[in-house]
Amino acid sequence: MSNSGSTTARRTSAALLAAALTAGALTACGSSGSSNDSPREITAVGVGESSGKPDVLTVQMSVQHQAGDVSTALNEASARAQKVIDAAGANGVDKAQISTANVKLNPRYGPGSEITSYEATQSLTIKVHKLETASKLLGDVTTAGGDATRIESVGFDIENDDELKASARDKAFAEAKTRAEQYAKLSGGSLGEVRTVSEVPVTTKPTTREFGANGVPGAAASPVPIETGEQSLKVTVTVVWGLS
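Residue numbers (the working numbering): 247 to 490.
Hint data in this document are derived by calculation from the structure and do not stem from the laboratory.
There may be inaccurate statements among the hints.
To be verified - As a list, the in silico DSS-like pairs of lysine-lysine whose alpha-carbon atoms are at most 27 Å apart:
1) LYS350 <-> LYS480
2) LYS350 <-> LYS329
3) LYS376 <-> LYS341
4) LYS373 <-> LYS350
5) LYS376 <-> LYS480
6) LYS299 <-> LYS376
7) LYS329 <-> LYS341
8) LYS299 <-> LYS417
9) LYS480 <-> LYS411
10) LYS411 <-> LYS376
11) LYS373 <-> LYS480
12) LYS411 <-> LYS423
13) LYS341 <-> LYS382
14) LYS299 <-> LYS341
15) LYS373 <-> LYS341
16) LYS480 <-> LYS423
17) LYS373 <-> LYS329
18) LYS382 <-> LYS329
19) LYS431 <-> LYS299
20) LYS299 <-> LYS373
21) LYS373 <-> LYS417
22) LYS329 <-> LYS376
23) LYS411 <-> LYS373
24) LYS411 <-> LYS431
25) LYS299 <-> LYS382
Turn these sequences into a full structure, and let the hints guide you.
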């Protein structure tokens, strides 16, 4: 073969190789483009809220007694606390719903920083499920504790809230779907199947009322007016749909 023929052959081979490399590069670009073609999705958040009547009342209270020695202070506070516990039981509160929240014994100091007395405090938590007895109960436990009684707060809550949660979830999902359908329409598509659903922990709005009630020595406390009102809880869901 002549030199010119050999040169022509080399040029032809080089051209074919270049063409093959170019074709390979174009194919690679096409593959890269398809791998970046992520599935189309719509994510929407919905909030649902439901309200209901509280079914439990929690009373936070304490009894205090101050005396010149530790034993007298603690013994008298304990005796008063037992009277409160008995009064709650007489109003239909089960012993399992009465718990000691705290016991404290603190010295009291005079002007010269010397200990002049001791103050004992016993704190109780009482859960009342028979709400129709709550007004009388508050009066009775205050009478039982006498002037040593301190009622810090009462708080209503919904203990059996399964139905409320289910209703709130229905509302939250419906709201999320309505938003997602609107966005799908605006984007020129339609909602596909649900891919994921996640829920934020349910939040409630507790009803707590502060009291500064002290017992009146020698007098029976009247029933305390109690209105349960309503409580609400919220459910927040995040839903991801495929977009067709």
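Here is how each hint holds up against the structure:
1. LYS350 <-> LYS480: 38 Å, violated
2. LYS350 <-> LYS329: Given pair LYS350, LYS329 holds - Cα atoms ~18 Å apart, limit 27 Å.
3. LYS376 <-> LYS341: 14 Å, holds
4. LYS373 <-> LYS350: OK: LYS373 and LYS350 at ~22 Å, within 27 Å.
5. LYS376 <-> LYS480: 26 Å, holds
6. LYS299 <-> LYS376: 13 Å, holds
7. LYS329 <-> LYS341: Holds - the C-alpha atoms of LYS341 and LYS329 are around 13 Å apart, at most 27 Å.
8. LYS299 <-> LYS417: 19 Å, holds
9. LYS480 <-> LYS411: 8 Å, holds
10. LYS411 <-> LYS376: Roughly 23 Å between the alpha carbons, so the hint for LYS411 and LYS376 holds.
11. LYS373 <-> LYS480: The hint holds at about 24 Å.
12. LYS411 <-> LYS423: 18 Å, holds
13. LYS341 <-> LYS382: This hinted pair holds, its Cα atoms lying about 18 Å apart.
14. LYS299 <-> LYS341: 24 Å, holds
15. LYS373 <-> LYS341: Holds: LYS373 and LYS341 sit about 10 Å apart, inside 27 Å.
16. LYS480 <-> LYS423: Holds, at roughly 17 Å.
17. LYS373 <-> LYS329: Holds, at roughly 17 Å.
18. LYS382 <-> LYS329: 15 Å, holds
19. LYS431 <-> LYS299: Violated - the C-alpha atoms of LYS299 and LYS431 are around 40 Å apart, more than 27 Å.
20. LYS299 <-> LYS373: Within the cut-off at roughly 16 Å; holds.
21. LYS373 <-> LYS417: With a Cα-Cα distance of about 31 Å, the restraint between LYS373 and LYS417 is violated, given a limit of 27 Å.
22. LYS329 <-> LYS376: Holds - the C-alpha atoms of LYS376 and LYS329 are around 20 Å apart, at most 27 Å.
23. LYS411 <-> LYS373: Given that 27 Å is the threshold and the Cα spacing comes to 22 Å, the pair holds.
24. LYS411 <-> LYS431: 30 Å, violated
25. LYS299 <-> LYS382: At roughly 20 Å apart (the allowed maximum being 27 Å), LYS382 and LYS299 satisfy the hint.
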